[in-house]
Each structure stands twice: as structure tokens, then as C-alpha cells.
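Asks: Sequence:
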Amino acid sequence: MAFQMATVCMKGDPDRTPADVIRLKIHLDRQRLLVHEGMILTNFNVLTDYEPEDFLNEEAYFIDDPHSRSSYRTVAVEHLKEGEHPSFATRHVFKNTKFGEKDKTMFIDCKVIPRGVSHSILFSSLPEKGNPNHSSFTIEEEDRKEIILNNWATLNYCVDWTDTEPTALLPYFFQHNYSEHEALVEKMNDVEVTSKYETFQHFIEGEYEEFLLPFQPAIVGKYYASNKEKNLELNEA
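Residue numbers for the sequence shown follow our numbering, so the first one is 253 and each next one is one higher.
Hints are computed from structural coordinates only; laboratory data are not their basis. For clarity, every value in this text was computed on a predicted model and none was experimentally measured. Check the hints yourself; a few may be wrong.
[Claimed, not checked] Calculated pairs, DSBU-like style, for lysine-lysine (alpha carbon to alpha carbon, straight line, at most 35 Å):
hint : residue 1 : residue 2
1    : Lys350    : Lys439
2    : Lys350    : Lys333
3    : Lys263    : Lys333
4    : Lys448    : Lys397
5    : Lys354    : Lys381
6    : Lys333    : Lys363
7    : Lys347    : Lys381
8    : Lys347    : Lys333
9    : Lys448    : Lys363
10   : Lys397    : Lys333
11   : Lys350    : Lys363
Generate the whole structure from the sequences, applying the supplied hints.
Replies: Next comes the structure, spelled out in C-alpha cells:
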């Protein structure tokens, strides 16, 4: 098992660019989430239909940053389908050509600047499919029974305690054990199913039927960069 951190950047998404990916990587490096004292902690994967050179060109702007010490790999994925919301490219976090069975996988939106308790989140252990016994999360006894009885896999999300999103869960971050969601992967590649939903997050909330493991409120959340007024509103949420 390896640790895989993944972000998605597609040509069909005007709100996310290679520059956003490189900025995310720099922030991860500054927190030593990817490499620490020369040891690789987690693989940083960019799932994309851009060319590798597009990211190298942006990386040149950060070449002198003393925190930029890690590597990353681009994972080529198919272009977005016509008319498809860009967020549906997140399906590749669940199935691609690079991750291995049972890899602990964390998705993070490339527009995010991770802060705070990122280390403890990244290196937490999720329940295995059908087996809650080796998780670092506290799981209620009734949920433990359901995981075992139904052979459930787990998705780890943050509930939108800010009430600022159109979905019940924050779409910027989630975790799972790779290869454990076969039925969900089949659905997310079925156009008849995905076409019913506005975004990938709406799809997850409408179709996921196994164990949803939420973070406690305010353990994971969001703030806006350089917007004190909005952040004060979030503090009051």
C-alpha cells in the first residue's frame, strides 16, 4: 500500500489551470506533506489531459522557491465528454493507470491551499472494505456492524458545516482506499447515470450507498484566501 495524493486539472475547466496545480504543490511542500528529510511520504499525482510541458512551464516561475523539493507525476486521462461538467473528471481518482490496490488515496482540489492538520488527515487510516478494525477513526458500534454485514467500502468526506455549498458535503477534498468502490466506479462511467447530476459531487451524494465517514464539524473546513469579511461569516456559521 502507498499513499497517493491526487488533483485534477482539465483543459475543459476554465477555473483550474496548470498554475493552480503548481501552487498547490508548493503549499504541500511547505508543509512537508510530500517529502520530509529526503524521504518520500506520498506520491503527488496530477490527473490531466494537459501535456507535461504545460506544468513544467508554470513550474519555472517557482524554481527558486526553497520549499520546492518534491516531484510529481502527470497521469494522462481522457478528455471531458461533450457537455460534461469539468468536475466529473474526478472519476479518474477512483480508477486510473497508476494507483495500486488498497492505496490510501486523498483527493484535493487544485484551487485549495491546505493548512493546519493536513499531516494527521493524510496519514490517518480508513476502514478497509468490510473490516473496520484497523481504522484510526472512531466508528460507532452500529456502523461497525453495518460495514461488516454489508461488506461496505468507505468514503471520507467533510460535511459542509458552513452551509455555503450547493451540496451537503464539501467537494474539495475526500479520501478512500483505491479499488474498493467497484459498483460506484461502474456508475460514474455510465452516461445514463451521470447525466442526471449537475456535478460530480451531486453524483456522489445521489448514488453512493456504502459507508460515508464524515469528519467532525470544523476539523476540516474552508476559508477564503484574502477575504476577511467572508471568513468572519464562516466563523459565525
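Asks: Each hint should be assessed against the structure and marked as holding or not.
Replies: Here's how the hints hold up against the structure:
Our distance criterion of 35 Å between C-alpha atoms is met by Lys350 and Lys439, whose separation comes to about 21 Å. Between Lys350 and Lys333, the direct Cα distance comes to roughly 22 Å. Compliance with the 35 Å bound is thereby established for this hinted pair. As the CA atoms of Lys263 and Lys333 are separated by approximately 12 Å, the hinted pair is consistent with the 35 Å bound. Of the pairs offered as hints, the one joining Lys448 and Lys397 holds, with about 32 Å between alpha carbons and a cut-off of 35 Å not exceeded.
Between Lys354 and Lys381, the direct Cα distance comes to roughly 9 Å. Compliance with the 35 Å bound is thereby established for this hinted pair. The hinted pair formed by Lys333 and Lys363 meets the criterion: a straight-line CA distance of about 22 Å does not exceed 35 Å. Restraint check for Lys347 and Lys381: the C-alpha separation of about 17 Å stays at or below 35 Å, so the hint holds. A distance of roughly 17 Å separates the Cα atoms of Lys347 and Lys333; the hinted pair therefore holds under the 35 Å criterion.
Our distance criterion of 35 Å between C-alpha atoms is met by Lys448 and Lys363, whose separation comes to about 26 Å. Proposed proximity of Lys397 and Lys333 is contradicted: the alpha carbons are some 40 Å apart, above 35 Å. A distance of roughly 23 Å separates the Cα atoms of Lys350 and Lys363; the hinted pair therefore holds under the 35 Å criterion.
Going down the numbered hints, you'll see the structure goes against just number 10.
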